[in-house]
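We have chain A already, so just place chain B on it with the hints.
The lines below spell out each chain.
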Amino acid sequence: MSKNSKITFVSKSTAETIAFGVKLGKLLTNGHVIALIGELGAGKTTMTKGIVGGLDAKDKDKVKSPTFSLVHKYDGRIPVYHIDAYRLSGSQELLEIGSDEIVFGDGVTIIEWADIVPESLPENYLKITLTHVSEDQRIIEICGYGKHYEQILQQLKN
Amino acid sequence: MLILGIETSCDETSVAVVKNGREILSNIILSQNKLHRPFGGVVPEIACRAHLESIIGIIHNAVTEAKVKLADINAIAVVNSPGLIGALLIGVTAAKTLSMVFDIPLIAIHHLHAHIYANNLEHDAVSYPAISLVVSGGHTTLFLSEKETKHVVLGETIDDAAGEAFDKVSKILGLEYPGGPVIDKLAKKGNNKAIPFPRVYLEKNSLDFSFSGLKTAVLYYVKGQDLNRPKSTAQSNTDIADISASFQEAVIDVLVHKTVLASKRYNVRSILLGGGVAANSRLREKLQETSQEIRVPVYYPSIKLCTDNAAMVAGLAYWKYLEGDISGLHIEAIP
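In the order they appear, the protein sequences are chains A and B.
Residue 139 in this note's numbering is what sits at position 139 of the first sequence, and the numbering runs on without skipping anything.
Each number in this note's numbering corresponds to the 1-based position in the second sequence with 1000 added.
This is chain A alone, in the form it adopts within the complex (with noise of 0.2 Å):
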């Protein structure tokens, strides 16, 4: 991974949290897909309210975190999928369920609790780890892994 590939910050409030996900999300398109990483509370499913509201989502207000059904759909300008990997316990349980064609196929797939399915991922792909600091701040790693996401690193960074 070259030196370029990675960004770090910090996000002292959930708003400043949600607006990285509004940025990141406006950048995205057709066939991207997004690894969040971070234990229980760290922020995921408010980064992913951030992301949907970037991709232009009607109901970006019903973002909630998909633990329990597992796959949320939202109608973005291009369809989004919200997954949820915590009560799974690896791959091929995402996989009966139908993943592969979410995550190749045409919309933006959101995969919180990534770590648990790594083999789920495509070859390319960007990273976010949250890590928390304090009660409010959080540690923001975003890394991207292959050209384009590498792309997509250096606009957020301007």
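For the record, the hints were derived by calculation from the structure and aren't laboratory data.
Don't take each hint at face value.
DMTMM-like cross-link-like pairs, simulated, lysine to aspartate or glutamate; straight-line CA separation at most 25 Å [stated by the list, open to error]:
hint	chain 1	residue 1	chain 2	residue 2
1	B	Lys-1171	A	Asp-115
2	A	Lys-127	A	Glu-150
3	B	Lys-1034	A	Glu-96
4	A	Lys-58	B	Glu-1203
Given the structure is predicted, the values throughout are model-derived calculations rather than measurements.
The following block gives chain B in isolation, referenced to the frame of chain A:
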């Protein structure tokens, strides 16, 4: 009028026979709790396979226990939404098959509306309009209910469901799955004012809910500011009881506040509680107290009818049948 109901939306496989929308002739519930316990939550593939293995036997048991024959059944009811897609499909396919083979009407039922109807199975005089609160592992939704079959959503969770917060806090505290019953029990030994966990009310007058921040607040309280500390070791039993009680009180304060707010706003004649979290003893107690203050009767189902069950499905279907709301074989499972 005999209706056979089928419920497979999550991790309970249930089939019931209900007469005239009220009289439960049988209500067989097979819970998969034990199957999912090692994973700390429902694993969809396991749930789906378990439904498939047990559904035919449970249909047979429900008919036998009701002392009727399948040929005596007048209509089939099934939950087709919302739930886990693979799980719903098992029930919907079984229901379509029975409807086709016996040439009887098929009635699709909304899972949350059935939870509200659980109250009508046990209480005669539910007056409408009512405010209905359905709280479970997957849902936290307030409805304005105009009659048995008509419910309008007033508000819902914008992040985690209340039951999901119980499950996740239980995991943070190193307790078992499902989190609801164990926290309810521990909370009885704790001080619910020990820790001032946040109550999130959102914008003024909002009827939506948010429990994600509360979960994070518990996480920080338990682990301190150092999240790398090994979990649970520093907590005494008293601590865990106090955390459980204080967390539970924070959830319930918000649930009760919004339910009362909605009841006043729509000037309703009843409050109906439903869903797995409706089994929580403190929620029942507090809602009962508050409803007396505002002079609106509150109804909640017995514990068995709070969890997912097919009697509430077959019961509600009777009213839809009377209204001519028959679905037909084209119904789909909608997650």
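Okay, which hints does this one fail, numbers in order? Every hint satisfied by this model.
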